[in-house]
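*Asks:* Construct the complete structure from the given sequences, taking the supplied hints into account.
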Amino acid sequence: MNYCFETRMAVRDYECDIEGIVNNANYLHYCEHTRHLFLKACGLSFAEMHRKGVDAVVARMTMQFKVPLRPDDEFVSRMGLTKEGIKYVFHHDIFRASDEQLCFRAKVDLVCLVNGRLGQSEDYDRAFSKFVF
Numbered sequence: 008m009n010y011c012f013e014t015r016m017a018v019r020d021y022e023c024d025i026e027g028i029v030n031n032a033n034y035l036h037y038c039e040h041t042r043h044l045f046l047k048a049c050g051l052s053f054a055e056m057h058r059k060g061v062d063a064v065v066a067r068m069t070m071q072f073k074v075p076l077r078p079d080d081e082f083v084s085r086m087g088l089t090k091e092g093i094k095y096v097f098h099h100d101i102f103r104a105s106d107e108q109l110c111f112r113a114k115v116d117l118v119c120l121v122n123g124r125l126g127q128s129e130d131y132d133r134a135f136s137k138f139v140f
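Under the working numbering, the sequence shown is numbered contiguously, ending at residue 140.
Hints listed in this document are in silico derivations from the structure and should not be mistaken for laboratory results. You may find that some hints are simply not true.
[Stated by the list, open to error] When the alpha-carbon atoms are kept at most 20 Å apart in a straight line, the in silico PhoX-like pairs for lysine-lysine are as follows: (1) Lys90 x Lys114; (2) Lys73 x Lys94; (3) Lys114 x Lys59; (4) Lys137 x Lys47; (5) Lys90 x Lys137; (6) Lys47 x Lys59; (7) Lys73 x Lys114.
*Replies:* Below, the structure is given as structure tokens:
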């Protein structure tokens, strides 16, 4: 995978379940946070785009849980980006920082609603143009 963005995070105790591993729903939060940081790095504001009538929404998500993260684990969330028609496809991989073990993989399809209708966003296209593989 060609990654265009990465960020480092750490597991917080409250994100773990009774088994002592990160609850599966929290991986979605990690991916969402990574995408929002990526938007900022591209000069886009999710809130400002909404005010302009452009909403990027998740249309589909597939996930693979590989090796669990545990309390206090640091991890690196890496992301690649492709475009298929009008949808942006974000490829998320989460690696445990201590040994680069792949812990989680997801493919997230995002589409844009422009004034409530499925469409393309010139702002997103322009901001992502140098990152799309």
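*Asks:* For each hint, tell me whether it holds in the structure or not.
*Replies:* Verification of the hints:
For the proposed pair lysine 90 and lysine 114, the alpha carbon gap of about 12 Å is at most 20 Å, so the pair holds. Among the hinted pairs, lysine 73 with lysine 94 is inconsistent with the structure: their alpha-carbon atoms are about 26 Å apart, more than 20 Å. This hinted pair does not check out: lysine 114 and lysine 59 have alpha carbons roughly 27 Å apart, beyond 20 Å. For the suggested pair lysine 137 and lysine 47, the alpha carbons sit about 15 Å apart, so the restraint of at most 20 Å is met.
For the hint linking lysine 90 to lysine 137, the alpha-carbon distance of about 12 Å falls within 20 Å, and the restraint holds. Of the pairs offered as hints, the one joining lysine 47 and lysine 59 holds, with about 16 Å between alpha carbons and a cut-off of 20 Å not exceeded. Among the hinted pairs, lysine 73 with lysine 114 is consistent with the structure: their alpha-carbon atoms are about 14 Å apart, no more than 20 Å.
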